[in-house]
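A.B. asks: Residue numbers (the numbering used here), protein chains in the order written: chain Z, 1280 to 1701; chain S, 40 to 426; chain P, 110 to 464; chain E, 484 to 759.
Don't take every hint at face value.
Pairs of lysine to any residue, SDA-like flavour, derived with a Cα cap of 20 Å [stated by the list, open to error]:
| no. | chain 1 | residue 1 | chain 2 | residue 2 |
| --- | --- | --- | --- | --- |
| 1 | P | Lys-375 | S | Arg-424 |
| 2 | E | Lys-633 | P | Ile-133 |
| 3 | E | Lys-699 | S | Glu-422 |
| 4 | E | Lys-699 | Z | Glu-1664 |
| 5 | P | Lys-375 | S | Glu-422 |
Reference listing, derived: stretches of chain Z covered by chain S, where coverage requires no fewer than 3 residues with Cβ under 8 Å from a Cβ of chain S [as the list claims (entries may be wrong)]:
| no. | segment |
| --- | --- |
| 6 | 1310 to 1319 |
| 7 | 1493 to 1505 |
Ranges between beta-carbon positions, derived for each pair [what the hints assert, rightly or not]:
| no. | chain 1 | residue 1 | chain 2 | residue 2 | range |
| --- | --- | --- | --- | --- | --- |
| 8 | Z | Glu-1458 | S | Arg-353 | 26 to 36 Å |
| 9 | E | Ile-703 | P | Phe-181 | 51 to 61 Å |
| 10 | Z | Asp-1403 | S | Glu-274 | 45 to 55 Å |
| 11 | Z | Arg-1470 | S | Val-232 | 51 to 61 Å |
By construction, these hints were calculated from the structure, which means they are not laboratory data. Predicted model only: the values in this text are computed from it and were never measured. Don't be surprised by glycine CBs; every beta carbon is placed ideally from N, CA and C.
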Amino acid sequence: MTTAEHKSDVDTLVRMYRMLARMNRSRPEARGSQTLYFNLLAEYYTRVSNAHRDGKLLAAHTVFFPTEILYAMDIVPMHTEMTTWLHALFLREQAELLAKGAELGLAPEICSPHRGVAGIFAMDAIPHPDVILWSNLICDNTAKAGELMMELSNSPGFFLDNPFQDSPGEMDYLVGELEEMVHFLEEKSGRKMDWNKLSEMIEHTDREIELYREISELRKAVPSPMSIVGYLELLSADYMFPGQPEALQYLTLLRDELKETIQEGKGAVSQERFRLMTLFVPPMYMISSLGNLFEEKGAVSVVEPMFTRWSEGKLDPDRPLESVAKKSFLIPERRSMYGPLSQQALQDITDSAEQYKIDGAIYWAFMGCRHTCATIKVMKDLLNEIDIPMLTIDCDIVDPTITSEEEVRDKLEQFFEMLEDR
Amino acid sequence: MTYSNVTDKLINLERFRIVNRSFPKTEEILDLKRQDRKVFGWLCTYVPEEIIHAAGILPVRITGYTQETELDDGSAYLYINNCSFSRSCLQMGLKGEYDYLDGLVAGSTCDGSRRLFDLWQHYLEVPFHHMLTVPRKYTERAHKLYYEQVVMLKEHLEQHLDTEITDEALLKSISVYNESRELLKKLYQLRMVDKPPISGAETMEVLNASQRMPKEQFNQYLRELLDELAVSGNEYRGRSRLMVTGSVMNNPEFIRSIEELGGLVVTDELCTSTRYWSDPVDVDNHSPLEAISRRYLNNFPCARMVPSERRFDRILQMAHDYKVDGVISQIIRYCVPYAHDIPLLTDRLEKAGIPILALDVEYGTSGSGQISTRVQAFLEMLETRKK
Amino acid sequence: MIFTGIDIGSRAAKAIIIDDDAIIGSTIGDTGPESVKTAHMTIEAAMKGPGISLDDISYIVATGYGRVLVPFAGENISEISCHARGINWYYPSVRTILDMGGQDCKAIRSDAEGHVTNFVMNDKCAGGTGRFLEMIADVLETPLSEIGELALQTANEIPFNTICAVFAKSEALAHLRHGIARSDILAGLNDAIAVRCLTLLKKVSIEKDFTITGGIAKNKGMVAKISEKVGLEPVLAEDPQLIGALGAAIYARERYLGKESEDTGKVQYGYNDATGDYYITIDSERCDSCGECVSACPEAIFEIVTEDGHRPKAVVAESARKRLSILCPGYDSCSSSFKVNCRSACSKDAISLSW
Amino acid sequence: MNSSLRCWKTVRTMKTLGIDIGSLNVKAIVLGDEGVIGTGIGPPGDDIEAGARSVLELATRQAGLNSDSLPSVATGVGAKLVSITPQQKSITTCLARGARYMFPTVRLVIDMGAESTTVIKVNERGRLADWANHDKCASGTGLFLEQMAKLMNLPLEQMAKLSLQAKGRADISNTCAVFAESEVISHVHRDPPTPMEDIAAGIYYSVVSRIISLCKRVGIEKDIVITGGMALNEGLVNIMEQELGCEVLKPEAPQTIAALGAAIIARENAEKGIKT
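With the hints as constraints, model all of the structure from the sequences given.
C.D. replies: As C-alpha cells, this is what we get:
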C-alpha cells in the first residue's frame, strides 16, 4: 500500500466521527457530551494522521498505557487496540484483519483485538508508528503483542513492565521503568520531557478521576441516567486522552447532563424496569442494537465494577512520575482483572450490587480474555449469595463470527423474562 | 524406534516410573505426611524451590492429568477459555488429589497459572499461600525487585513456621539442587550422541520424578541410573533427531507417540524439562538469597520474558548442540505467551534451516489421531530434505 | 509389474492399482467401523476390475487414517506425502495443494519431485471439512453429491457468521426457517469455508500451479469459490479423491524397484518404516560386475544381471527384494559376525548400507 | 405456594394449549383441570406454520376440542415464526414450569434435546433462577451420541450397555463435536484398535461430564429432573446418575415438558385475565 492509501484508513475514522458529530447537532435529543466525544475522537485521529506531517513522533501503544507521559512530551499516541476496534467497526474489516493475523500463524485462541492489531500492522493500514510502546498491564496478550508489532513495523520499542502486586518495592520498580521509558522517548523524539506540563496533566487526571467517581455516584439514582452507550464513551475518554483539557471538558459536561436528567426525574431508558450490573464489556459491534434492546425492555446498566469503580487514592502533581505510577494502581481494571483476586475486589462486587440496587448482572464472557473469565464462577457465586442472578454470554468483543446477534438477543430476552418472573 | 539390545529393565528408571504412576499420592509423600512433615505445592519454574526445601518442606510441582480427559470441574470453575493445564490442575485439586498440601507457592508468570493460584486459594484454602511478583525483564532493576520478592517469600515462610531459615540451610539446599541440575545435565549430554542410550520418553519419566520426590533420594537414584546407562549398551536411533518446544508438557506418552513413528526426541525447551534443570545457582560471589534470585530470573527463559530473543537464541543454540533436524512445537490452546511467539520463532528457525511443526494440543494429549498424522508427515518431510 | 496404493480415509476408503505407468483398477467406498475389514473390502473391489488377486501385486503401500491397520500392506505413509506425490504424477508443475478430506483440510507445498516441503492442517475444528458439508447437506435435505451444483444456482448468497460445524448447522436451520433458498445458504457457507482455506494456504504461501484434492474437490460450488478467493484456476486431477491412493501406489512401486535416478547410477533397494531407513545402495557407475558381493553375502541376495542396452551390473535379486528386512541384518551386525560381506568385498566400494 | 396449582381451584373447566416448536419436532399439549388431556408430536416440515397447525390439531382432537378457541402460549426456536398465538415464552421458563408441575420438588432441570443441552435452576418458589446452555464447540448433545453410534454401527442402547462394561476409557478430545468423530475414528483405526466398549465409554463420558460441567455452573441441587428427547435414552440416563451420584426424576413424556410449561403459563395468563 502507498502512504496515501493507508493514511486514508485513519482519515475515514476522522470523517466518520465528524459526520456523527454533525448528525448529533441536527438531533435536538442528542447529548452534547456525545457530540463533544465524537469531535474529540475526530481530533485524536486527525493528530494521528498528521503526526508525521507535523514532524511529531507517532507512538503506537497498548491499552491502559500511561499516555499522560506522551502528551507531556508532545508525542502523538495511537491506541493500538482501540484503533483496531474502530477500524473494524467503521471499515467493516474484522474478517480481513483477523484473517491476516491468522496468516501470521496466530492461533484463534489469542485475544481477537490483538490478532487484529497484528493484522492491521501486517496490512500496513495505519500510519507507520515511530515507536512501539507496550506493557503487561492488562494481560499476557498485551505483554506479547509488542515484539510482533516491532518486527512487523520494524520500529524500535519499549516494554513497560508493570508489577503484579502493590508492595512499596513494586511501586519503586514501576517508577524506575517510567523513568527509563522517558529517557528512551527523549532519545527517539529529540524532545525533552516537560515536567511542568506533566504535573499539569496529573492535576487534570486527578480531577478526571474525581469526575469518574461523581458520575458513578450519580448513576445510583432511580431511574439511572446513563445509557450503555455512554459507558463505552466513558471508557475511551481515559484510554485515549487522559489528563487532557478536552477530557476534563467532556466528563464535566457529561456529569452536568446526568445531574440534569436526574433532576428532571428522567432516566437513560424511558421506562426503567431492570437495573443491571455489567461485567466486562459488551461486543463493540453490537452496542447500538444493544442500546435499542435495552430501551425496548427498560433495561439499564447502572454499574460496571470492572471498569468504572476507581480505587481510593489521590494523585500528587508535585510528584508527577510517582503519580503516573500510582494511577495504574487506581484504575478499576487493575483491581478486577490484572492484579491478584483480592477480597477487596470481591467485596466491591457485592457492595456495588447493593449500593446500585441491581436486579441482575450480565457477564460478557469474552473468549479472548482468560484471566477475566476465570472469575465468572466466583462472581456468580457471590451474586447468587445475595440472590442476584447473573447471565453469562460467550462472545467476542470484535469478531462477530463467534456469537451471532440473534443468539445474544435471545439470551438477553430470556434473562429479562426471568427477571420479570421473579 | 530402532535399537540394538536395549535392556528395558533399568532398575532406577523403574523406580522413577513407580513414583510417577502413583503421583500425587506417592508412598514417599504419604510417609512424610505420617511423620507430619510438611509438603508444599509449587506452580511454575519461577518459584525458588531451594527456599521451601531449606525450610525443611518437600516441594512438589503441581501437574494435571496425564491424559486428555474431560475437565468438568476445571471448565466450570476456570471457564472454558483458560488453558487445559490450569483447568486440569484445578480439577485434580477440587477432586482432592492434592488434599495433603500444607502450602501453595506461585509466581505471577502467566494469566493461566496466576488465576489457577487465585481459584485454588478461593475454593481449596491452603494453610500457607504465597505469590511472587516475577518481573518480565532482566534489568538490574528487575533483579532488585525479584530479590525483594524472594526475601519476602523467605520471611513469610519463617513467620508462618515460626523458625529461621539460615544461610547454612540455604547453602545446603542449593548444593542439593545444584547437584541435581548437574546430574540432569549429564543425562542430557548422553542424548547429544548419534545413538543415545536413553529415549526422550524415558527422559521425561526421570524429569517428572525429579519434581515429585525428595531431591536427595532423586539424586541418588539418578546417579545409579547414569551408571546403569553407562554399561547398558543401550542404543536408540531414529529417522530424525527432534526437539520439542512450547507449552508446559509432562506426558511421556506424547513423546513416545513421536518416537514410535521413528522421530528420536533428543532435547526440548520445556519448563518441565530443560528449563527446569538448566543453569545452576552460582553462590561464589553472591549471598545465598541473591544467588537464588539471580538464577531463577536469569534461567532459560519462559515465553513470558522480554525480550524473547534471549529464549530464541538458546533454542537455536540447543538445536545446534543436539544436532536437531526439526522442531516440534506443541502449544496448548489458550497458552497465549507461547502462541504469540510462533510467528517470530518460526522465522528464526527457518533462517537457521530448521523446519518447525506447530501443533495445537490440549494438555495431557497422548499425541494420537490427527496429531500423529502430522508428526509422521513431518518426519517424511524431514527425510526428503536430507536426501 | 503391479503395485497398489490403498487410502483408508476417515469417511471414504480408496484404492488404486497401477501396472507400470497405467492405472488398471481403482475403487472408492465407505470406511466402516472395522479397519481391517474395510481394507479387505476395498482391495477386493479394486482388484475386480483388472481381475487380479493379491499375489499378482508386487507391493502395497497404505495411507490415510486407517493406514496402520492394513494387514497386506508392506508399509504405511502419511496421506500428506501421498497427496503431494500423487498429484505430481498428473501435474509435475503443481507446487501448492489443498487437500479437502473427510475430517480435515490440509494445505501442502511440494517440489518438482512431489516431495512435501511444507504443510499445515486445520486446527481442532471440523469447520470446512467433508464431514461438515455432510452435516449441512442433510440439514438442507440435499444429497451430498448435489450440493456443489446447487450452490452455483445462488441468486444472492447470505453471509455466514460462523463455520463452527455445530453452530453453522443451527444457523443454517434458522435461515431455512426464515425461508431462505438452500442455494443461497450453501453459497454463503462455501464462502466462509473458502476464506478459511485461503488462510491455510497463505500459511504455506501459494505458488503456481495450484490444485485441490480429496473428496470435496468434486464439489463444483466449493471449487469455484476457492479458485475465486485464491485467484488461481486449480488444475484438477480426473478424480481428485483418488490422489492419495495414487500417491501411495507410486510410493509402492518406488520402494519396490528402488529409486533409479538418471544423474547418478545409484539404485536403492530396501524399505523404510516407522523405525527408520533400510536401504542397500548400489552405485552402478562404479560396479564392475566382478560378482564378489554375490559370493560374499551370507544370504546370497545379490546377482549380476544384464539389462538389454546396459552393461552387466550387480543388483539385489528380485526374490530377495521383498524379504530384505528378514534377509539382511544390516552392515553393522553383518560385519561383526562375518569376516567378509557385500560392502567389504566390493573392491570398487560401490555398495553401501544405510544401517 | 405454586400459582399454577392455585388456578385449578379458582378456574372451572379451563382448557389451555401449549406448543413447543423445536428445530426437529413440534410438540403440543392441551391442559385441562384434571391435567394433560391432549398431546401431539410431529415434525415442523418445510412449512412450519402448517406443520405446527397439524400437530396442535392432533393434540386438540385427542382432547376432543377444536383448537382455535383455546388460550395458548408458544415456545421454542420456531415460536416467532408461527402466527398460532401472540403469546410467547422462552423455552427455559416453560421447562422450569413444566418440570415443576410434574415434580413439585424439582430444583434442577437437565434438558437434553438433539441439538443442544440446557441446564435450568429452579428456586424454591418454582421460578426460573438460573440457566446455562452448552458452550462453544460442545459435544454434550444427543445428536452427537447418535452420530457416534452410527459411526460405530451400534444401536444407541447397545452403545450405552457396552460403555457400562468398559474397563478402560478412550480419550475423546474435549474441543469440537464434529472433530471428536475423527478421534473416535482414529481410535478404531489404531494398532491395536481400542476396544469398542472403551470407545463407547469415552464417548458417553465426554457427553455426560460436559453436561455435568454445565450443572456445576448453576450449582447442583436435588431433585434433578431430566427432560428432552434424550431423556428416553436409558443408557445415557444411567450413566448420568452414576456420574451425578444420585437418582434423577424422569417424566413419562420428557420431550413435551416445555409444551406443558407453555400450557401452564397460558392457564395462568387466562386466570389473571378472569380476575381482572
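A.B. asks: Determine for every hint whether it applies to the structure shown.
C.D. replies: A quick look at each hint next to the structure:
1. Taking the CA atoms of P:Lys-375 and S:Arg-424, the gap is about 18 Å. The hint holds against a cut of 20 Å.
2. At most 20 Å may separate the alpha-carbon atoms for a hinted pair to count; E:Lys-633 and P:Ile-133 exceed this at roughly 34 Å.
3. For the proposed pair E:Lys-699 and S:Glu-422, the alpha carbon gap of about 49 Å is over 20 Å, so the pair is violated.
4. Taken as a hint, the E:Lys-699 and Z:Glu-1664 pair is honoured in the structure, with Cα atoms around 16 Å apart against an allowance of 20 Å.
5. With a C-alpha separation of about 18 Å, the suggested pairing of P:Lys-375 with S:Glu-422 holds against the 20 Å cut-off.
6. Check on the segment 1310 to 1319 of chain Z: 0 of its residues sit with their Cβ under 8 Å from a Cβ of chain S, so the three-residue criterion for coverage is violated.
7. For the segment 1493 to 1505 of chain Z, the stated coverage by chain S is not satisfied: 0 residues place a CB nearer than 8 Å to a CB of that chain, which falls below the threshold of 3.
8. With their beta carbons about 30 Å apart, Z:Glu-1458 and S:Arg-353 fall inside the hinted range of 26 to 36 Å.
9. Range check, E:Ile-703 to P:Phe-181: about 53 Å between beta-carbon atoms, so the 51 to 61 Å window is met.
10. Restraint check, Z:Asp-1403 to S:Glu-274: a C-beta distance of roughly 53 Å satisfies the suggested window 45 to 55 Å.
11. About 58 Å separates the C-beta atoms of Z:Arg-1470 and S:Val-232, a value consistent with the hinted range of 51 to 61 Å.
Checked against the numbered hints listed earlier, the structure breaks hints 2, 3, 6 and 7; every other hint is satisfied.
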